[in-house]
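A.B. asks: Sequence:
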Amino acid sequence: MDSFLKEVISEIQAKDHNVSELIFVLPSKRAGLFLKRELLKLYSDKTFFAPIIYSIEEFTTELSGLRQIDTIQTLFDFYETYLNTHAHLEKESLEVFSSWAQTLVQDFNEIDRYCIDNDSFFSYLAGIQDLNHWYLQKEKTELIQKYISFWNNLSEYYNNFKTKLLDKKVGYQGLLYRKASENVTDYIEKNTKKHILVGFNALNNAEQIIFQSLLEAKIAEVYWDADTFFLENKYHEASLFIRDYKDNWEYYKDNSFKWIKDNFSSSKDIKQIGVPKNIGQAKLAGQILKSIPSKDLERTALVLADESLLLPVLNSLPDTIESLNITMGLPLKEVPVSSFFELLFSLHKATHHKGLYYKSVVEILNSQPAQWLLGSSANELISKISKENLVYVTVEKLQNETDNEKSEILKLLFAPWKNALNAIEQCRKIIQLLKNGLDKEKSPLELEYIYHFHLVFNRLLALCNSYQYVTTIASLYYLYRDIINAETLDFRGEPFRGLQLMGMLESRCLDFDTVILTSVNEGILPAGKSMNSFIPYDLKRAYSLPTYKEKDAIYTYHFYRLIQRAKTVYLIYNTEDDGVGGGEKSRFLYQLEIDKVDKHQLSKYIASSEIPKLSHEPIVISKETSIIDRIKELALNGLSPSALTAYIRNPIDFYYKYILGIKESDQVEETIAANTLGTVIHNTLEDLYKPLENKYVSVTDVQKMIAEIDEVIKYHFRKEYSKLDITQGKNLLIFEVAKRYIYNFLKSEEKLLKSGSELKIIAIESNLKTELKIPELDFPVFIKGKVDRIDELDGELRIIDYKTGKVNKSDVVLMDWEVITDDYKYSKVIQILAYAYMQHNEQALSSSFQAGIISFKNLKEGFLKFGTKTSVRGKVDYEVTSDIFDEYLLQLKKLIVEISTLEIPFTEKEV
Numbered sequence: 009m010d011s012f013l014k015e016v017i018s019e020i021q022a023k024d025h026n027v028s029e030l031i032f033v034l035p036s037k038r039a040g041l042f043l044k045r046e047l048l049k050l051y052s053d054k055t056f057f058a059p060i061i062y063s064i065e066e067f068t069t070e071l072s073g074l075r076q077i078d079t080i081q082t083l084f085d086f087y088e089t090y091l092n093t094h095a096h097l098e099k100e101s102l103e104v105f106s107s108w109a110q111t112l113v114q115d116f117n118e119i120d121r122y123c124i125d126n127d128s129f130f131s132y133l134a135g136i137q138d139l140n141h142w143y144l145q146k147e148k149t150e151l152i153q154k155y156i157s158f159w160n161n162l163s164e165y166y167n168n169f170k171t172k173l174l175d176k177k178v179g180y181q182g183l184l185y186r187k188a189s190e191n192v193t194d195y196i197e198k199n200t201k202k203h204i205l206v207g208f209n210a211l212n213n214a215e216q217i218i219f220q221s222l223l224e225a226k227i228a229e230v231y232w233d234a235d236t237f238f239l240e241n242k243y244h245e246a247s248l249f250i251r252d253y254k255d256n257w258e259y260y261k262d263n264s265f266k267w268i269k270d271n272f273s274s275s276k277d278i279k280q281i282g283v284p285k286n287i288g289q290a291k292l293a294g295q296i297l298k299s300i301p302s303k304d305l306e307r308t309a310l311v312l313a314d315e316s317l318l319l320p321v322l323n324s325l326p327d328t329i330e331s332l333n334i335t336m337g338l339p340l341k342e343v344p345v346s347s348f349f350e351l352l353f354s355l356h357k358a359t360h361h362k363g364l365y366y367k368s369v370v371e372i373l374n375s376q377p378a379q380w381l382l383g384s385s386a387n388e389l390i391s392k393i394s395k396e397n398l399v400y401v402t403v404e405k406l407q408n409e410t411d412n413e414k415s416e417i418l419k420l421l422f423a424p425w426k427n428a429l430n431a432i433e434q435c436r437k438i439i440q441l442l443k444n445g446l447d448k449e450k451s452p453l454e455l456e457y458i459y460h461f462h463l464v465f466n467r468l469l470a471l472c473n474s475y476q477y478v479t480t481i482a483s484l485y486y487l488y489r490d491i492i493n494a495e496t497l498d499f500r501g502e503p504f505r506g507l508q509l510m511g512m513l514e515s516r517c518l519d520f521d522t523v524i525l526t527s528v529n530e531g532i533l534p535a536g537k538s539m540n541s542f543i544p545y546d547l548k549r550a551y552s553l554p555t556y557k558e559k560d561a562i563y564t565y566h567f568y569r570l571i572q573r574a575k576t577v578y579l580i581y582n583t584e585d586d587g588v589g590g591g592e593k594s595r596f597l598y599q600l601e602i603d604k605v606d607k608h609q610l611s612k613y614i615a616s617s618e619i620p621k622l623s624h625e626p627i628v629i630s631k632e633t634s635i636i637d638r639i640k641e642l643a644l645n646g647l648s649p650s651a652l653t654a655y656i657r658n659p660i661d662f663y664y665k666y667i668l669g670i671k672e673s674d675q676v677e678e679t680i681a682a683n684t685l686g687t688v689i690h691n692t693l694e695d696l697y698k699p700l701e702n703k704y705v706s707v708t709d710v711q712k713m714i715a716e717i718d719e720v721i722k723y724h725f726r727k728e729y730s731k732l733d734i735t736q737g738k739n740l741l742i743f744e745v746a747k748r749y750i751y752n753f754l755k756s757e758e759k760l761l762k763s764g765s766e767l768k769i770i771a772i773e774s775n776l777k778t779e780l781k782i783p784e785l786d787f788p789v790f791i792k793g794k795v796d797r798i799d800e801l802d803g804e805l806r807i808i809d810y811k812t813g814k815v816n817k818s819d820v821v822l823m824d825w826e827v828i829t830d831d832y833k834y835s836k837v838i839q840i841l842a843y844a845y846m847q848h849n850e851q852a853l854s855s856s857f858q859a860g861i862i863s864f865k866n867l868k869e870g871f872l873k874f875g876t877k878t879s880v881r882g883k884v885d886y887e888v889t890s891d892i893f894d895e896y897l898l899q900l901k902k903l904i905v906e907i908s909t910l911e912i913p914f915t916e917k918e919v
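Convert by adding 8 to the 1-based position in the sequence shown; the result is the number in this note's numbering.
Note that these hints are calculated values from the structure, not bench results.
Quick reminder that beta carbons are idealized off the backbone N, C-alpha and C, glycines included.
A portion of the hints provided could be inaccurate.
What the hints assert, rightly or not - Derived DEER-like restraints, expressed as beta-carbon distance ranges:
| no. | residue 1 | residue 2 | range |
| --- | --- | --- | --- |
| 1 | A615 | A535 | 18 to 26 Å |
| 2 | E433 | S538 | 33 to 41 Å |
| 3 | R489 | K755 | 40 to 48 Å |
| 4 | Q736 | G764 | 41 to 49 Å |
| 5 | S221 | R75 | 19 to 27 Å |
| 6 | S131 | F504 | 18 to 26 Å |
| 7 | A535 | K298 | 15 to 23 Å |
Said to hold, decoys possible - Result set (DSSO-like, lysine-lysine): computed pairs, CA atoms no more than 27 Å apart in a straight line:
| no. | residue 1 | residue 2 |
| --- | --- | --- |
| 8 | K537 | K242 |
| 9 | K392 | K341 |
| 10 | K341 | K242 |
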């Protein structure tokens with residue numbers, strides 16, 4: 009089947025037109041390129057001058073005599089108009105203005121493209137806004153009065169804006185269209201060349217005036233790409249516009265309508281394939297392409313209805329794709345360097361009197377550009393921030409840690425931006441440093457990214473110099489973001505070779521044998537309702553402006569035109585109706601089923617990834633002689649109760665921490681961590697009780713300690729965190745919790761003493777170490793630890809371990825000795841009995857004593873004594889005797905033998 013463009017050129021050839029004297033107007037530049045190719049094919053035996061080929065935008069620009077400006081330039085010119093019109097009124101800043109002005113400029117654009125009488129239109133709009141703010145009070149508030157006043161003056165704003173632009177001979181797209189429609193008569197008088205208007209569908213009023221004027225002057229021919237199937241079905245939106253032109257244009261009352269073909273009803277293989285998520289769509293598209301023979305790829309198009317799928321699709325293309333032509337650009341906001349500048353703006357927008365917030369600094373130092381500039385110094389600075397727990401860091405602090413060259417780079421990155429011009433200058437210097445530091449051979453792509461950012465900041469500089477409104481970092485950021493969102497990196501490629509990868513609009517006028525279309529979901533195809541306008545629906549209908557209904561019809565035409573001449577069609581949609589790119593299956597897919605043509609082979613599939621069955625195999629690490637040597641070293645130095653309980657909890661954790669010596673990396677703590685709170689409480693109690701070693705504690709001693717709580721605990725917080733603020737926020741709450749823990753504990757001690765009990769402190773924070781005789785091992789084994797407190801209460805010796813977490817009675821009462829080396833729940837038993845045994849071994853204690861825990865989160869239970877019992881309901885025996893030690897040592901030695909046996913590997917436990 010011939011393509012639409014080939015049919016047009018064949019018709020022109022048949023009419024024996026002088027091709028060189030023709031002017032072609034098409035919907036897009038891409039269509040113009042394919043038209044040239046068809047000309048070369050059909051006129052291959054002739055030498056001729058190429059005809060003039062315009063896209064519709066280029067043609068209207070030619071007609072209007074104006075230069076089109078972009079949205080940023082439009083915004084600035086409108087802001088100047090806004091400031092100068094009714095200058096006596098209070099005006100908004102550029103940041104606030106830009107938040108609503110862009111929507112208003114889009115409405116101006118629409119009004120001009122449809123050649124609406126602006127005075128009556130804005131009068132209607134002001135009246136509607138007044139009605140919207142009708143209420144019972146006679147007097148309107150000042151805010152409402154200002155609001156209504158703005159809408160009443162809108163016509164004046166528009167006219168002044170339009171005049172300003174026309175004086176400069178520039179305009180936004182809508183103004184160019186309006187001006188082109190006004191100038192078409194003059195254009196016709198000066199031009200007699202035949203105009204060939206090809207492949208249009210939804211024309212705005214300005215385009216309709218231009219087209220009809222050219223037709224009436226008999227210097228134009230229009231070739232529509234209409235299909236009988238849609239044109240004869242009056243309810244089908246695909247022919248909504250073309251049917252209207254055919255029925256209502258004066259020209260077609262006396263002239264034939266070209267063309268109405270019957271292509272859609274031809275033989276087609278249509279596959280509707282649902283797949284979860286956007287990545288699934290990209291992967292599936294890649295698989296489909298892999299199944300297409302290389303010779304057929306030039307007649308294949310991969311069309312992305314959602315252009316954000318470009319990167320996933322590029323990463324999913326198979327190796328069989330030798331040539332590729334990409335018609336869309338890669339958004340500049342998606343390149344890696346973009347996130348670096350985004351981080352810089354975030355840092356400098358949120359200034360703090362204490363310095364730079366560490367998270368922002370670390371994110372920048374971790375970014376690729378910072379790594380290029382600073383090398384290993386970046387990671388050293390990150391380590392320094394973590395080690396010193398710097399929540400806020402100054403530029404001077406960072407500079408002091410590096411040499412002079414790196415110091416200057418740090419100044420560029422982190423020195424405060426004084427104003428918008430200073431910020432641009434700093435960023436331009438950073439870009440220059442990045443350019444100088446990258447190798448042209450090794451990093452061509454990165455240099456290309458950086459070059460585009462060089463252009464962006466040059467543009468920002470030019471705008472800031474031309475307009476004096478961008479002064480703050482916030483306003484500069486809004487401007488930067490608008491520019492970045494509009495910029496793209498264009499791909500280079502042969503336009504006619506290999507696979508064609510394009511967006512939906514780029515497919516206009518083009519035909520392919522195989523079409524793969526992604527994101528055929530509601531909200532994308534069609535886009536659905538959008539409220540990005542100040543013009544109410546009723547007013548749009550009254551003035552024949554396009555509403556969502558007309559916009560849906562445009563999408564319908566593009567969809568059906570794309571598959572009109574195709575032989576094989578793959579329609580891929582996202583089955584997930586939530587998340588990015590989510591939405592229900594497009595109505596077009598249902599419509600294809602309802603309007604099924606006899607020659608259409610329609611099949612439906614749901615595709616899903618092959619998910620491997622995940623079975624978590626525990627990590628098993630066999631022991632080698634080097635590991636045994638390390639265990640011997642640990643045993644000689646002394647195995648701590650926490651090391652032994654780490655092994656019980658998970659042998660792999662023991663292996664990582666104690667055998668390999670892998671520690672958790674330092675993290676900056678903005679709020680005091682639980683383990684730090686425990687350290688502070690332990691150290692505070694040590695300071696308070698240390699002077700009372702080998703003394704009886706009196707009520708007066710306790711009261712004196714209570715009075716010192718605030719000062720001592722503050723000292724220890726400062727010692728742990730010299731830079732941390734404990735005067736506000738969560739840290740103040742944690743500080744108060746620590747004080748309350750110690751206060752409640754000391755009050756319980758005071759109550760005990762007042763009740764007549766005698767308390768003598770034997771030792772505080774005593775370092776202990778003792779040898780274990782294990783006949784099975786041929787090397788010495790020691791256990792070590794620090795016992796928090798040994799005291800004597802009413803003649804009963806107690807070994808006490810402090811815990812800031814919650815411990816219950818059941819955690820320290822044992823019924824079966826076998827479980828203590830298997831169940832981590834009894835880790836507290838291992839600890840307190842280890843302290844008791846070491847103390848007993850170092851200085852023989854009385855025949856029996858008690859060992860246990862004081863839990864600050866469970867103080868009401870008091871001293872939680874270790875005990876044993878023979879049955880669930882049996883009586884608990886709280887005495888620690890030599891028999892207890894014998895049972896304990898039996899289990900402890902068994903555990904250490906297991907750790908030290910070469911044949912028993914470290915096997916991961918599920919925690």
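A.B. asks: Given the hint of 19 to 27 Å, check if S221 and R75 actually sit that far apart at their C-beta atoms.
C.D. replies: 23 Å, holds
A.B. asks: Could you tell me whether the CB distance from A535 to K298 stays inside 15 to 23 Å?
C.D. replies: 31 Å, violated
A.B. asks: Go ahead and decide if the range 33 to 41 Å is satisfied by the Cβ distance of E433 to S538.
C.D. replies: At 39 Å between Cβs, range holds.
A.B. asks: Can you confirm whether the C-alpha distance between K537 and K242 stays at or below 27 Å?
C.D. replies: 23 Å, holds
A.B. asks: Please verify whether K341 and K242 have alpha carbons no more than 27 Å apart.
C.D. replies: 43 Å, violated
A.B. asks: Go ahead and decide if the range 18 to 26 Å is satisfied by the Cβ distance of S131 to F504.
C.D. replies: 53 Å, violated
A.B. asks: Has the hinted range 40 to 48 Å been met by the Cβ atoms of R489 and K755?
C.D. replies: About 58 Å separates the Cβ atoms of R489 and K755, which means 40 to 48 Å is violated.
A.B. asks: Holds or violated: the 41 to 49 Å window for the beta-carbon distance between Q736 and G764?
C.D. replies: Once the Cβ atoms are compared, 44 Å apart, the range 41 to 49 Å for G764 and Q736 holds.
A.B. asks: Given the hint that K392 pairs with K341, test it: the Cα-Cα distance must not exceed 27 Å.
C.D. replies: 32 Å, violated
A.B. asks: Regarding A615 and A535, is the given constraint of 18 to 26 Å on their beta-carbon distance met?
C.D. replies: The hint (18 to 26 Å, Cβ to Cβ) holds, given that A615 and A535 are roughly 25 Å apart.
Checked against the numbered hints listed earlier, the structure breaks hints 3, 6, 7, 9 and 10; every other hint is satisfied.
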